[in-house]
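Residue numbers (my numbering), protein chains in the order written: chain R, 1 to 223; chain E, 1 to 70; chain L, 1 to 252.
Keep in mind that a hint or two might mislead.
What the hints assert, rightly or not - Covered by chain L, per the in silico footprint, the following chain E stretches (three or more residues, Cβ under 8 Å):
no., segment
1, 15 to 22
2, 25 to 31
3, 39 to 46
Hints listed in this document are in silico derivations from the structure and should not be mistaken for laboratory results.
Please read these numbers as outputs of a predicted model, since none were measured by experiment.
Note that CB positions come from ideal geometry on N, CA and C, so glycine has one too.
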Amino acid sequence: MLKVFYCVLSRDITLALRRRTDVLTTLFFFIIVVSLFPLGVGSEREQLRMLGPGVVWVAALLASMLALERLFAADYDDGTLEQLLLTGQPLALLVLGKVVAHWLLTGLPLVLIAPLVAMQYHLSSTAIWVMMAALAIGTPVLSLIGAIGAALTLGLRGGGILLSLLILPLYVPVLVYGAGAVSVSAIEIADTQPYFYLLTAFLMGSSLLAPLAAAAALRISLE
Amino acid sequence: MMEFFSQGGYAGYVWGAFGMTFGLLLIEVLQLRSSRKTTLTRISRLLRLRAPRQAGAGPSMQRGTSGPTT
Amino acid sequence: MTINWFKFASPAAFYPIAGRLIPWFGRVALALVLIGLFWGFFLTADQLGGSNPQKEYYRIIYVHVPAAWMSMWLYLVLAGWSAIGLVFNTRLSFMMAKAVAPTGAIFTFLALWTGALWGRPSWGTYWDWDPRLTSELLLFFLYIGYIALHSAIDDTRRADRAAALLAIVGLVMVPVIFLSINCPDPNQCAALHQRSDPGSIHLSILIPMLTMTLGLWSYSFAAVFARLRTIILTREADHAWVSDVIAKEATA
C-alpha cells in the first residue's frame with residue numbers, strides 16, 4: 001500500500017523537477033500578487049501590517065488554485081490517468097500521492113517564501129513564524145480540497161475559471177482561521193492556539209475525506 | 001390609502017423588497033412557461049422530421065442515445 | 001401495504017403526476033401568499049419593539065425570512081436528491097436536483113436583496129459582513145457553482161454525477177463554512193443579527209411569516225415540477241412515450 005503511494009509521489013516529483021519553470025511560475029505569481037497590493041492600497045506601515053495576513057492568505061489561495069489545474073491535466077492528456085484507474089490499487093491512495101507531490105511542489109515553496117513577503121508588510125518576527133506555521137498546516141488543506149474540483153473539471157473548456165468558481169467558496173474556513181491566527185498573534189500569541197487546533201482538524205478531516213471524494217470525481221470524469 | 005403605500009416613509013425599502021421578490025418569481029414562472037413551449041415545439045419538429053424515416057427503416061429510433069440530449 | 005417507490009422513479013411515470021400536481025401547488029401557493037400578505041400588512045402593528053422601535057420596514061421580515069429558509073432548505077433538497085441519484089443510480093433524482101438549483105439560487109438572491117433593504121434602515125448600511133448575510137452569500141456561490149459545473153459538461157451523465165458530487169461536497173463543507181463565518185475568532189462568537197428564537201416573536205408576526213413560508217414552499221414545488229417536466233421531455237425525446245405526450249398536448 002505504502003509502496004504505491006511512494007511510487008506515485010516520487011514519479012510526480014521527478015517529472016516536475018524536469019520542468020522546474022512550472023514550480024517557479026506559481027511561486028512568482030504569489031510574490032507578484034502580494035507585491036501589487038501595497039501599490040494599490042498605499043504603503044502606510046500600520047495599514048499594511050493590518051492587511052498583511054489577509055493579503056498573503058488570499059494570494060496563497062489564488063496561487064494554489066491556479067496550480068491545481070495541472071494536478072491531473074498532464075496525466076489525463078497522455079492517458080496515464082486511465083492506466084492508474086485500471087491498476088486495481090486503491091484510487092484514493094494514488095490521489096493522495098499526487099496531492100502530496102503537488103503540495104511539496106507548489107505549497108511548500110509558498111511556506112518557505114512567506115517570511116520574505118511578510119517583511120514587505122512589516123510583520124513582526126512572531127507574526128512571521130505564526131504565518132509560516134499556519135501556511136504549513138493550511139495549504140495542504142487547500143491542495144486536498146482543490147483536488148476534488150480539479151478532478152470534477154477535468155478536460156473541460158475553460159476548466160480553470162470554472163475550478164475557481166467551485167473551489168474558492170470551499171476555501172473560506174482555511175482563509176478565515178489562517179489569516180485570523182496571524183492577526184491575533186500580533187496581540188497575544190497564546191490566543192492563536194484554538195486557531196491552530198481548528199486548522200489541524202481541517203487538515204485531518206480533509207486528508208481523510210478529500211482523497212475519497214476526488215477519487216470518486218475522477219471515476220465520474222473518466223467513465 | 002396613501003398612508004398604506006408610504007409605509008411610514010419606508011416605501012422604497014418595503015416595496016423594493018416585496019417587488020423584487022414577486023417580480024423575480026413572476027419572471028421565473030414566465031421563463032418556465034416559455035421554455036416549456038420551445039421544448040414542445042422543438043421535440044414535435046424533431047418527431048415530424050423522423051416520422052417518414054421511421055416507417056421505412058424500421059423502429060430504430062425508438063430508443064437509443066442518439067439525438068439531442070442536453 | 002407496500003408501495004414500490006421506484007415505480008415513480010421512472011421519468012415516464014412521474015411526468016403526468018407532476019403535471020397534475022403543478023396547478024394545485026400553484027393555487028395553494030397563491031392562496032397562502034395572499035393570506036400572509038394581507039395578515040402581515042393589515043392585521044399587524046405598524047411598529048415593532050419598545051424603546052428603539054423597528055418601524056414599518058420590519059415588514060420585510062415576511063419575505064426575508066421565508067426566502068432565507070427556502071434557500072437553505074432547497075440546498076438540502078438538492079444535495080439529498082444528488083445523494084439518492086449517486087447511490088441508487090436513478091435518472092429522475094438527478095433531474096430533480098437539476099430542477100431545484102435555479103429556484104434555490106433565486107431564493108438565495110432574494111434573501112440577500114431583502115436583507116440589504118432591511119439592513120439599510122435598521123443598521124444604516126446595505127451590506128454588513130454579518131455572519132448570516134455572509135453565509136447566505138456563500139450559499140449563493142455554492143448554487144452558482146453547481147449550475148456552472150452542470151452546464152459546462154456536455155455529456156448528461158457525467159454532468160449529473162459530477163454536479164451531484166459537488167453538491168454533496170458543498171453540503172459537507174457548509175457547517176464548517178458557517179462555523180468559520182460565525183466565529184472568525186474561535187474564542188468568542190458574536191453576531192449583528194438578533195437571536196431568533198421563535199418563541200420571542202409575537203404571534204401576530206409569526207403566523208403571517210409562517211404562512212408566507214408555506215406559500216413559497218408550495219410555489220417551489222410548482223416551479224421545480226414545471227422545470228422538471230421540461231428537463232424530462234428534453235432528455236427523453238427519443239423515447240416512444242414522449243411522442244404520445246407531444247401528440248396529446250398538441251391537440252389540447
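Comparing the hints with the structure gives:
Residues of the segment 15 to 22 of chain E with a Cβ under 8 Å from some Cβ of chain L number 5, which satisfies the need for three, so the listed coverage holds. Given a C-beta distance limit of less than 8 Å, the hint that chain L covers the segment 25 to 31 of chain E holds, as 3 residues qualify and 3 suffice. Check result for the segment 39 to 46 of chain E against chain L: holds, 5 residues qualifying (beta carbon to beta carbon below 8 Å, three or more required).
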